[in-house]
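Engineer: Each chain, letter by letter, is given below.
Protein chains: 4
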Amino acid sequence: MSSFKEGEYVLIVHNDRKFLRKLIPKQSLNVKKEVLKFDEVIGKPEGVRIGSFEVYRPTLEDLILLGFERKTQIIYPKDAFYIAFKLGLNGEKRVLEFGTGSGALCAVFSQIAGEVWSYEAVEEFYKTAKKNLERFGIKGNVKLFNEDFGKAEIPQNYFDAVFVDVREPYPYLEKVHQSLKDGGSVGFLLPTANQVIKLLESINGLFGNIEVLEILQRYYKRVPERFRPEDQMVGHTAYLVFGRKLTSL
Amino acid sequence: MSSFKEGEYVLIVHNDRKFLRKLIPKQSLNVKKEVLKFDEVIGKPEGVRIGSFEVYRPTLEDLILLGFERKTQIIYPKDAFYIAFKLGLNGEKRVLEFGTGSGALCAVFSQIAGEVWSYEAVEEFYKTAKKNLERFGIKGNVKLFNEDFGKAEIPQNYFDAVFVDVREPYPYLEKVHQSLKDGGSVGFLLPTANQVIKLLESINGLFGNIEVLEILQRYYKRVPERFRPEDQMVGHTAYLVFGRKLTSL
Amino acid sequence: MSSFKEGEYVLIVHNDRKFLRKLIPKQSLNVKKEVLKFDEVIGKPEGVRIGSFEVYRPTLEDLILLGFERKTQIIYPKDAFYIAFKLGLNGEKRVLEFGTGSGALCAVFSQIAGEVWSYEAVEEFYKTAKKNLERFGIKGNVKLFNEDFGKAEIPQNYFDAVFVDVREPYPYLEKVHQSLKDGGSVGFLLPTANQVIKLLESINGLFGNIEVLEILQRYYKRVPERFRPEDQMVGHTAYLVFGRKLTSL
Amino acid sequence: MSSFKEGEYVLIVHNDRKFLRKLIPKQSLNVKKEVLKFDEVIGKPEGVRIGSFEVYRPTLEDLILLGFERKTQIIYPKDAFYIAFKLGLNGEKRVLEFGTGSGALCAVFSQIAGEVWSYEAVEEFYKTAKKNLERFGIKGNVKLFNEDFGKAEIPQNYFDAVFVDVREPYPYLEKVHQSLKDGGSVGFLLPTANQVIKLLESINGLFGNIEVLEILQRYYKRVPERFRPEDQMVGHTAYLVFGRKLTSL
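Protein chains in written order, with numbering that gives the first Met the number 0: chain D, 0 to 248; chain U, 0 to 248; chain F, 0 to 248; chain X, 0 to 248.
Don't take each hint at face value.
Repeated chains share a single entry, so a pair holds when one copy, or any two copies, can fit it.
Claimed, not checked - Derived pair list, reagent style DSS-like, types lysine-lysine, alpha-carbon separation capped at 27 Å: (1) K197 / K17; (2) K129 / K31; (3) K174 / K43; (4) K31 / K138.
Source of the hints: derived by calculation from the structure; they are not laboratory data. Keep in mind the model is a prediction, meaning the values are calculated, not measured.
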């Protein structure tokens with residue numbers, strides 16, 4: 000990889016804290032009386048250590064957690080990473096998502112799928128997602144639509160996978176089913192047990208091989224003499240529901 | 000997608016049980032006195048329901064969990080999916096892995112990375128991994144080496160990411176560092192706390208932005224009238240350690 | 000403590016396995032070709048090691064897990080221990096419970112509360128619980144009733160705490176409220192989210208300071224060179240709901 | 000129970016927040032522009048609701064979490080409740096504990112055991128624990144010692160159970176063993192994996208039936224229309240190790 004350039008976003012690590020910053024000449028980052036001048040970073044190789052600071056090119060996870068503007072609850076990387084593979088995505092697959100939200104899942108899909116379509120009915124969220132993807136140069140295989148999935152014209156039997164992240168997914172199940180290829184994968188993100196219960200009541204006959212699960216992530220302190228889990232952890236983000244399109248003969 | 004063909008592997012779901020089977024004419028699957036004749040499956044569309052059976056094309060997760068032959072402890076999909084994204088992989092990235100084990104992580108990497116190199120010192124494991132990848136037609140971007148990573152000639156500053164799954168990773172840290180590009184990502188899978196403690200003692204100076212974590216997966220019963228977690232869950236697979244290559248000036 | 004006597008129940012530990020046995024002369028325990036003759040145990044002090052066997056007097060947890068006959072789902076010690084203290088029990092407190100089930104929670108209450116009343120409508124369960132408590136000489140502060148709590152004559156404003164372990168607790172809420180002293184504690188054990196949702200809808204106005212929680216227990220392997228959690232764990236037993244009696248002025 | 004009296008401590012609940020306050024005439028509690036005058040509480044029955052406030056007599060858990068002054072890391076109720084029963088305590092049992100810390104475990108033991116001895120070497124901690132127990136009138140079966148357990152004169156074969164909560168328990172194992180009756184229970188609270196590993200290396204031969212575990216507590220939101228776990232949870236407090244005294248013949 001090439002050395003850091005003026006204007007690019009970098010991840011700066013200072014002990015237990017992380018920062019995402021744009022490398023603008025003459026600017027700097029101050030943490031606990033230590034100063035990192037961006038002029039000293041520009042031109043240096045990735046992974047450079049300057050004083051107590053370490054500077055890297057951000058991963059997609061860093062961008063989502065530190066850089067994405069949020070108008071809605073973000074999909075956590077722990078969930079997004081699992082979803083992308085669980086849906087069976089790879090470079091030859093087409094995936095459709097609604098609603099786009101802040102675009103985090105969209106960004107993750109873009110790294111693995113061949114084609115990503117994402118629908119968001121609320122204009123404010125659509126604009127935020129668009130800005131997030133453009134700002135960090137997320138791959139060009141994403142089509143964002145500021146449109147209600149329920150009203151949009153969607154090609155039939157076209158997608159290998161569909162992911163649904165809206166509060167009330169139940170009215171869309173038929174349309175999701177139609178948009179999928181035979182045997183295609185479907186996924187849902189639902190924060191509450193009530194939503195999962197209602198979805199399980201509605202899903203039958205349309206989708207099979209149903210799985211319901213949660214992904215939990217437990218971080219550990221990194222001091223080798225006192226190895227132990229962190230005191231606090233994220234207790235819940237959402238329930239995930241997965242299935243496959245059933246085909247009537 | 001096209002309809003099921005003779006000789007392909009399919010996922011068969013019968014209530015709570017899953018089976019991976021090759022569609023060989025005249026053969027069948029018997030579950031609790033119900034019979035699925037493969038001749039009735041061949042030619043049908045994906046997602047077909049026949050009696051109490053549902054038949055799908057398997058996802059990579061299905062192949063790993065049900066189809067991969069195992070000579071070593073398998074890397075669980077919950078972990079493999081997280082690792083692949085945490086390392087920052089996408090179609091433009093090159094990743095190296097050792098040891099290959101049964102090839103599960105290798106298969107996951109192949110779906111997202113541009114180039115996958117995988118080293119396995121033990122011939123028996125190498126052959127098993129090779130058979131697993133070939134049997135299920137895993138993408139051609141994987142190079143398997145039956146070679147000890149410690150002794151192999153590895154290009155320097157070549158890989159965007161390296162993943163290490165061996166019992167004693169400590170002697171290889173320098174070589175891993177050299178094989179990575181500046182700021183490249185490294186990951187380790189370690190079943191015991193003792194290994195993590197020893198790694199954390201050894202890693203300093205070579206890698207920064209260290210994170211240690213576990214991924215836990217909690218499945219739920221799918222009966223809408225009695226929504227609740229499954230009685231049993233996987234309690235532990237491994238600790239995951241991630242870092243980034245530090246570059247001395 | 001005195002040495003082991005003929006006829007008493009003992010906990011026998013053999014590596015990772017545990018057994019509850021009655022010390023009957025001439026009998027023995029065979030584990031993997033090793034034999035523990037009970038005649039060699041009688042007269043020995045507690046904690047004795049004979050060959051690979053260790054012999055102890057059982058704790059209440061050992062009795063519940065290994066000795067209690069079960070006609071119903073048992074309340075796990077991890078839950079029972081928490082419940083007993085959460086209800087604020089001690090030697091001066093009176094607690095009522097229904098249904099008795101196999102008597103496990105009853106046995107735990109008996110060790111800490113001054114007075115325990117327990118109602119069980121199903122005769123078979125009542126008899127099993129009675130047998131369990133008598134067999135292991137559980138303290139005499141327990142009154143077992145083979146009676147439906149809903150129909151029983153219960154003293155009013157009498158109990159410091161009430162615990163409810165029945166499938167449909169909603170019809171009993173008024174009666175539970177009446178049986179409690181002002182500000183008394185109430186607890187519920189409910190396996191499914193649907194039950195908790197329905198209880199939360201019904202409870203309002205009668206009880207305040209509501210808490211809903213789960214207790215999870217993660218066991219670790221005890222080999223110091225390979226410290227790590229057990230591969231499997233109990234994923235779910237039940238949701239616990241606690242509250243306090245509200246008093247209208 | 001009798002009505003609230005001047006000078007007693009009460010638990011005040013206001014929506015999601017809890018307060019422990021002493022009922023001093025003319026004083027009051029202000030939460031979000033609502034005022035609870037203590038003069039209106041005195042003389043009222045427990046469980047009274049005044050405006051959005053609910054007032055109860057505190058349970059031991061409330062006292063520990065809201066009332067205990069802390070000079071050291073407190074033992075969480077979820078752990079303390081489990082420990083007390085796991086050690087097999089009841090009104091006929093004698094338990095010894097060191098170090099006392101803030102006295103939380105001591106207070107829990109006092110509710111169930113017949114006799115509690117607690118040693119604390121650090122004078123400041125000893126005084127805090129003493130103040131905590133006296134302030135809330137914890138039962139008189141507790142003897143607090145401002146003494147180093149290692150140097151104290153401890154009766155031999157006297158205790159049914161011993162609990163150890165010090166950073167370096169290893170030098171005390173022999174003395175703990177001597178203080179216990181044959182087959183007596185021992186427990187340890189250790190925040191880090193390193194401590195558990197070292198303890199497991201040291202414990203052998205002295206104690207058997209070893210168990211290592213963690214207790215996790217997951218709270219849920221109490222809104223029936225949106226039932227789901229809380230966003231954040233306590234990720235780790237400590238590892239617990241339990242065993243039984245082995246007796247050499």
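Engineer: When no copy is specified for K31 and K138, does a C-alpha distance of 27 Å or less occur within a copy, between copies, both, or neither?
Structural biologist: Classified as neither; 36 Å inside a copy, 48 Å across copies.
Engineer: Quick one: K174 to K43, C-alpha cut-off 27 Å, is that within a copy, between copies, both, or neither?
Structural biologist: For K174 and K43, the Cα distance is within 27 Å only across copies (23 Å; inside one copy 51 Å).
Engineer: Can you give me the call for K129 and K31, within, between, both or neither, at a CA distance of at most 27 Å?
Structural biologist: For K129 and K31, the Cα distance exceeds 27 Å both inside one copy (35 Å) and across copies (39 Å).
Engineer: Please sort K197 with K17 into within, between, both or neither, judging by C-alpha distance up to 27 Å.
Structural biologist: between (40 Å within a copy, 25 Å between copies)
Consistency with the previously given hints fails for numbers 2, 4, ordered from lowest to highest.
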